[in-house]
Amino acid sequence: MPTKETVIRDEIVRVSGKVKAITVPKEKTQEILERRTLRLLDKKYEVLMPPVDNMEKNTIDLQGMMTFIQGYLSILINPGTSVNPTYLAQIVITTTSGEKVQLTYFRLMQNNFQGVSTAVQVFGQQNSMNVQYYFIGYDTTNNSYQANFLELYALSWVNGGAFSRLVRIAYANLSINKQPNYDLFILWMIEFQNIPSYLLMFIPIIPSTPGVTPASLGGSGNSSFIVYANNGNCNFTCGGNCNSNTPSNFMLSIQNNTIVVQIPVLVPISGGSSSAQILICGTTVYSGVTFLGGYGGPPYNLNSYGTFTLSSSYSTTIAPPSSGYIFFVLLAVITIIFTVS
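Mind the numbering: the sequence shown is residues 173 to 513 in my numbering, read in order.
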């Protein structure tokens with residue numbers, strides 16, 4: 173059956189990260205930590221973290237980030253591909269003696285403890301959304317060590333219970349001198365910038381407290397991504413009667429230090445056509461979630477505090493095919509290029 177392919181290639185999302193590590197006399201810890209206001213779409217909340225000034229650029233692990241995005245898209249499209257992770261987040265410190273200090277997910281900072289708490293921020297305008305992950309590592313024990321290399325491990329989730337695999341997404345060369353009478357704090361921020369709102373659902377979300385979990389594609393009340401094709405004889409609107417379809421798979425690759433995600437959608441066109449338009453209608457549904465428990469692995473209890481819904485659309489005209497060519501199936505390939513810095 174003849175087909176016509178259109179590729180949307182102007183959606184470029186920037187991925188970057190920053191990190192800092194500070195040691196603080198134990199009696200000064202409460203003076204150093206500050207409450208920072210973050211946004212979850214139209215809601216605000218506060219997170220206790222070290223100051224965000226003087227953060228240094230990290231290195232994004234390109235292969236690890238691709239695996240991170242791949243794991244998220246798999247559970248977004250098919251939650252049945254979920255895995256049961258050991259940890260929800262982790263910062264690994266390599267000491268100068270070669271030993272590993274592992275800070276693993278725990279939702280609250282505690283005295284005489286090692287852990288990582290997390291926070292998520294989703295904000296922006298219709299055509300430029302940002303997603304930020306904050307990882308706050310802490311070692312408030314009396315341990316002593318020196319280090320110069322840090323690694324950040326993360327996973328994503330959907331539907332409040334479908335998890336991707338934990339992978340390394342960034343690393344940094346950073347000097348640390350942890351003494352017994354000092355607390356160590358690591359602030360790590362990973363950011364996805366310049367996201368068109370109709371593609372927001374394809375950006376991974378990490379577990380955090382409080383936080384949001386996106387609903388998977390398809391099903392009643394879940395997120396949706398519908399591509400309509402119009403050849404002039406149907407109601408060309410979101411929810412209209414033009415022929416439409418949704419993505420069922422995706423392709424990833426690394427090209428010239430970028431991560432390229434291609435999402436193909438096949439849309440039949442009744443009677444064939446020599447020209448057409450496409451309309452992409454996306455609805456991203458998030459559930460607000462607070463972890464009530466859970467150490468190490470997935471949380472044992474969740475408390476839902478509301479639903480966030482963001483709807484948007486994008487349309488484009490397909491260049492006419494060569495003379496005399498009639499196509500019956502439109503292959504629309506939505507491409508997201510993640511540039512890493």
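Simulated from the structure, these hints should not be mistaken for laboratory data.
Accuracy of the hints is not assured; some may be wrong.
[Said to hold, decoys possible] Below, simulated PhoX-like cross-link-like pairs (lysine-lysine); rule was C-alpha separation at most 20 angstroms, straight line: (1) Lys216 x Lys350; (2) Lys200 x Lys350; (3) Lys192 x Lys229; (4) Lys200 x Lys272; (5) Lys216 x Lys272; (6) Lys198 x Lys350; (7) Lys229 x Lys190.
Hint-by-hint comparison with the structure:
1. With a C-alpha separation of about 34 angstroms, the suggested pair Lys216 and Lys350 falls outside the 20 angstroms cut-off, and the hint is violated.
2. Distance hint between Lys200 and Lys350 is fulfilled; the C-alpha atoms sit about 15 angstroms from each other, no more than 20 angstroms.
3. As the CA atoms of Lys192 and Lys229 are separated by approximately 9 angstroms, the hinted pair is consistent with the 20 angstroms bound.
4. For the hint pairing Lys200 with Lys272, the CA-to-CA distance comes to about 27 angstroms; that exceeds 20 angstroms, so the pair is violated.
5. With a C-alpha separation of about 36 angstroms, the suggested pair Lys216 and Lys272 falls outside the 20 angstroms cut-off, and the hint is violated.
6. A threshold of 20 angstroms between alpha carbons decides the hint, and for Lys198 with Lys350 the separation of about 12 angstroms falls inside it, so the pair holds.
7. The straight-line distance between the Cα atoms of Lys229 and Lys190 is roughly 4 angstroms, inside the 20 angstroms bound, and the hint therefore holds.
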